[in-house]
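Novice: Sequence lines, in order, name chains W, C and R.
Just so we're aligned: 348 in our numbering is position 348 of the first sequence, and the numbers increase by one with no gaps anywhere.
Just add 1000 to wherever you are in the second sequence, counting from 1, and you've got our numbering.
Just add 2000 to wherever you are in the third sequence, counting from 1, and you've got our numbering.
Derived by calculation from the structure, the hints in this document are not laboratory data.
In this text, all values refer to a predicted model and were calculated from it rather than measured experimentally.
Glycine included, each C-beta is placed from N, C-alpha and C at the ideal position.
Do not rely on the hints blindly, as some may be mistaken.
[Unchecked claim] Stretches of chain C that chain R covers, calculated by requiring three or more beta carbons in the stretch to come under 8 Å of a beta carbon on chain R:
#, segment
1, 1008 to 1021
2, 1151 to 1162
[To be verified] Okay, the calculated beta carbon distance ranges per label pair:
#, chain 1, residue 1, chain 2, residue 2, range
3, C, 1025, W, 641, 49 to 57 Å
4, R, 2041, C, 1180, 48 to 56 Å
5, C, 1217, W, 639, 29 to 37 Å
6, C, 1025, W, 639, 56 to 64 Å
7, R, 2107, W, 448, 32 to 40 Å
8, C, 1180, W, 217, 26 to 34 Å
9, R, 2106, W, 63, 47 to 55 Å
10, R, 2106, W, 74, 51 to 59 Å
11, W, 555, C, 1025, 56 to 64 Å
12, R, 2066, W, 417, 36 to 44 Å
13, R, 2041, W, 455, 22 to 30 Å
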Amino acid sequence: MIPIRDPTRVAAFYAAFAEAPKSLDPAVAYNVSDHAIIGNIFDTLLEYHYLARPYTLIPGLAVAVPQAEPQAGGRVRYHFELRDDLLFQEDPCFARGHPNRSTRQLVAADVAFALARLGDPAVNSPVIEPFSHIVGLRQFGERLQRARRSDARFARLPPHEQYTRVGPIEGVRVVDTLGLDIILAEAYPQLLYWFAMPFSAPIPWEAVAHYDGRDGRPSLADHAVGSGPYRLTLYDKQARIVLERNEQWYGLRHPEWRAPGATYPAVGEARDRAAGLLDPRVVGRPLASIQRIDWRRDKEPIPLFNKFLQGYYDAAGVIRESFDKVIREERLSPEMTALGVRLDKSVIPAIYYIGFNMDDPLVGARGGERSRLLRQAMSLVVDAREYLRLFSNGRGISAQSPLPPGIYGYEASYRNPYRQVDVTRAAALLRQAGYPGGVDPGTGKPLRLTFDSSDTTAQGLLRYRFFVDAWRRLGLDVQIAATTYNQFQQKVREGAYQLFLWGWVADYPDPENFLFLLSSEMARSRSGGPNTANFADPNFDRLFLAMKARGNDAERLALIRQLRTVLERERPWIELFHPEDYTLFHGWLQQVKPTGMAYPTIKYRTIDVAQRAQQRRRWNRPVLWPVYVLLALTLAIAIPGVITFFREQQ
Amino acid sequence: MLTYVVRRLLHGCVVVLGVLLFLFLLFFTLTDPDDIARRALGEKALPAVIAQWKANHGYDRPLWPWRGGRDSMLVEHYRRMLTFDFGRSDTDDAPIVDRLRHGVGPSLALTVPMFVIGLLLSIVLALFVAFFRETYIDRMGVLLAVLAMSLSVLLYIIGAQYVIGKLLRWFPISGFDADPRVAWRFLALPVLVGVAASLGGDVRFYRTVFVEETGRDYVRTARAKGCGEGRIMWVHVLRNAMIPILTHVVLAVPFLFTGSLLLESFFGIPGLGSLTVDAINGNDFSTLRTMVYLGSLLFVGGQILTDISYALVDPRVRLS
Amino acid sequence: MQLWSASNLVVAGLLLAGLTLLLIGRRHRLWREVFVQLRRRRPLALLVVAGYVTVALLDSVRWVGGVDAGGDVVAQHEARSVLDRLFAGRRERSYSAPLADREFYGHAPLRHPGGHLLGTDILGRDVLLLTLKGARVALLIGGLTSLIAIPLALLFGVSAGYWGRRIDDGVFFVMSTLASMPTLLLLIALVMVLGRSTVAVCLALAVTSWVGFCRLARGETFKLREMDYVQAARALGVSDLRILLRHIVPNLMHLVVITFVLMFSGLVLSEAILSWLGLGIEGSWGQMIDQARDELSRDPAIWWNLAAAGVALFTLLLAVNFVGDAVRDILDPRTRREPT
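With the rest of the complex left out, here is chain W (with noise of 0.2 Å):
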């Protein structure tokens, strides 16, 4: 329930989510809102700064961040070294084998198990990938394989019996308690990145074994024990999710520690300091003051927005693109401000495009040099800010090329020529082209091209409409084909589509997170990676490659400058926007830092309980007139009836 006084005064802080998480299991969990939950229960080795920018990585549980070193054959090490007296949250699967015990302690060995996981073919981990580079990873779960089709019985052991006897990883060695060596095959500094997301958290083994979903218990989908500052307490995936604040956490168990990942920190922006962010009273406090977080499913924007407004959520955070706010010119509305609300943004790591697909004989790249201006004239027209405008309330930036701000590589002085809106030198380019005035000389009529989109929604089919009207400019018939998502699939896979609409979100502050979608290697069509425009060019290829094993020095960035030369003449994507994290919240709720990524921030949030819970009493008062007021009607109809009624009984 929403409590219309909130009785127990505890710390809570009250927040929405639209859909049900699918996964509670880190290895599997992969998309932001499932992330939001289990961020604030499971802690990772490393974790990212809370204020600094661009995105910097801090100790978590493990003591410092750890160096490549570089090994004999070109393979790198790195070496984690965990804190002492870490423990794991309470939870019964701890009683298996030890009648009274209810946690235990982390361990180098839990980390381990947590990778060799990832590498099980039966746990189905999205990030297989690029936890490949760890030496022996794939031979794991090859071994596991073949064990458990030649013995049943072995497949019938809990997993961590299974790990044991196929032998371990074998770049994954236990030094000591506490101590735990990584060896990858060649270098990938963005190792380090992955590290600091869910994949990777320790997850005790007596939590995989009793969490199986069998005889009534949950499976790890649906349950979660971790070590992080909140453990679950109430999973109703439909409707709501509680978590309590974990006493075992080590941010509350030893603050004298002052361990960066449960600590206020001290340094930020420069815009920090105006927003609050480093007042003098938080600043090196233990983390983790909100004692309780009590997220509620409302699945319709109006309800959920107003809810905000009588207080009783305490953010609005801004999960679908389309949440349009109280936000005018980029400011809060008056009568926002008013009510004690605050807004902060942040970009988020992420990039909206227009993609073509370089297969098609059209637009793609067996079209030649016709096809490569047509793709520059439909880029030539495309105003990304009018379009911000519109429909997010000027929220986000248009963009350049495909990385954002935060990221290394992203220069604010970049101009793309093909991203400045310019309809005369489009409609050259397209003369040019063959199509003078949009007209294609073979059928006599516009040219007409497909723009798919799997967003069916009225709300959603206004954005395509809206490039489109661009292209119609040109005289360029653009045909908007709104398609189930199946069946947008399926012409994907087909290679049927011409252009289509796509957003990335960034899964760790790094250009080759983003530039990897244009590689070959990725496309499509031909490995069904996330390459969608299927663009295939040898030059990017190889200066991708040289771009991804390097760190971030002077040489790393001329090659994402050639990179982006590349994609500047080509014309795969039309780059949109990157999009701006806007979150609403009340103003009793403190020390609210919107982070683009999804990481866990709540534990540095503080919450002024005695504030809201006035406010929600004021602004809630009912408005009682309208009941007498229908009272009234009601007897006035209804008595003359009744008295014909009488009248004709006698």
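Chain W is already provided as a structure; the job is to place chains C and R on it using the hints.
Specialist: Same frame as chain W, but now just chains C and R:
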């Protein structure tokens, strides 16, 4: 009598088998499991992961028995549906049975009060209007009923949330709680909307029934005996109109279990209707087909019960 | 110059069907009586329906050329309806309130200050135009669906009722199967699988709505088959087809009309719900209402889209429901008002 019951049951079984065949054609032959997998696993899933998922869900088998024999999807579909083994959701692998078990409560908490209040209110109003037939009250009543019928449910919901929830603040705009002491606050508004949205059509329907009854011989007889108009309405007409009313009720009861798609979604009630909408939006075909199957099963069951109870009352039905 | 597009042909077909029915109807005493009665009892509702039909027709007759749509080059090559031509070149950049002279956000002056009776939508399109264009979609939903469902139902219902036995068993099986599935879910499942073009949506609506009428036609044919004049005709050796066409189908026509009118509002309301689920037809009022859901949560709210579509939908259905009630009262002897 026994042969009638057996015949009726057999017919019901045939219909259920037909529904299952229809569902199979719709959800297996016209859709590709690859798409369902990709939807479930996300855009970033690799082909090997998708193949594994399909194997886990049994979507990699041949469709028809003449290809795969007992291992074909058609046989499997019938076997599982008929043994109520609904399997797991396509989107998040949760057992569908658990979902159903969780969803029935909230759905009933919404639909039962809605149904009872709606039924009583519409009968009372219809009697009232029928009593004053051919007067301004009747004409006003019918006019209001038609007005109420012409408004889309969407507008009812949006309007009620805006006016009652936001402006007047009588009830919370949306939400739910399993604790009945609190739940009524959340349910009041959706129940109100649900009743209002169906009231127009129901009042008009029952009014027609009652007006029809007032034209019959027994009413004239009663009137001749000196019965008051009110007594005729409340006692004679209402009793004789019970059969059409009961038919209406029995056919509506099965759908109380399947909940309301719109009301549950807008008011955040975690029932079966809301579950269905999630299944639609998430392309969760296994949940969707279970819901359609259960809906028709309940409907067929309800119909058989009605028919048999008719036959018990009226021997003519049995013989036809 | 392409004068007849596919949509023009559909509209012409619908119009032709309607006119033929009217002409046939005028020849029969019963139907003449219906017209007279309707005009007397529900003049206003009839007028409203006629108004919607006119608007829909204005939006259906389209031809290429002779239009200057401002910056839209493609429009010069496309067939535009009379309605489009009336509003040609009246685009703004974005939202503006009804009769406003400035944009809603940003307060930039409009190209046509005070010229938009119902304001403009997010892409600057005139809401009055969109609302009027919705009339064509609504009538198309009702018309096309009925055009698929009623002949289908008539065919199956009459043959089941007339020949009975195997055919009846088959038809009855199909009917009970379809009827036992929850209507809305079946509708959604069909649209999800068939796709969401206008024809597919109408087809799905037809599949879910023909059963009721089929059952009615079947029962009525049962009764008619036993009538003396039908029995007599059979005894005289008149062919089945002739009996069906001369004696049975004409006697079902009143049911067709009642069904059509009563079904209509249900179809349009169903489409609105489909639109909410993202499965509706482009340009329908249902879609306008769906678009407006987010707009209402802006502050100050953008209400004119929702209001325009809601009122247009409500008025049409109100009028159709009134006409339907009246037609049923006139044609159906059971509900005829007893003389007092």
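Novice: All hints are to be evaluated individually against the structure, with a verdict given for each.
Specialist: Verification of the hints:
no. : hint                          : in the structure
1   : 1008 to 1021                  : holds (count 6)
2   : 1151 to 1162                  : holds (count 7)
3   : 1025(C) x 641(W): 49 to 57 Å  : holds, 55 Å
4   : 2041(R) x 1180(C): 48 to 56 Å : holds, 50 Å
5   : 1217(C) x 639(W): 29 to 37 Å  : holds, 34 Å
6   : 1025(C) x 639(W): 56 to 64 Å  : holds, 59 Å
7   : 2107(R) x 448(W): 32 to 40 Å  : holds, 38 Å
8   : 1180(C) x 217(W): 26 to 34 Å  : holds, 28 Å
9   : 2106(R) x 63(W): 47 to 55 Å   : holds, 53 Å
10  : 2106(R) x 74(W): 51 to 59 Å   : holds, 57 Å
11  : 555(W) x 1025(C): 56 to 64 Å  : holds, 60 Å
12  : 2066(R) x 417(W): 36 to 44 Å  : holds, 38 Å
13  : 2041(R) x 455(W): 22 to 30 Å  : violated, 47 Å
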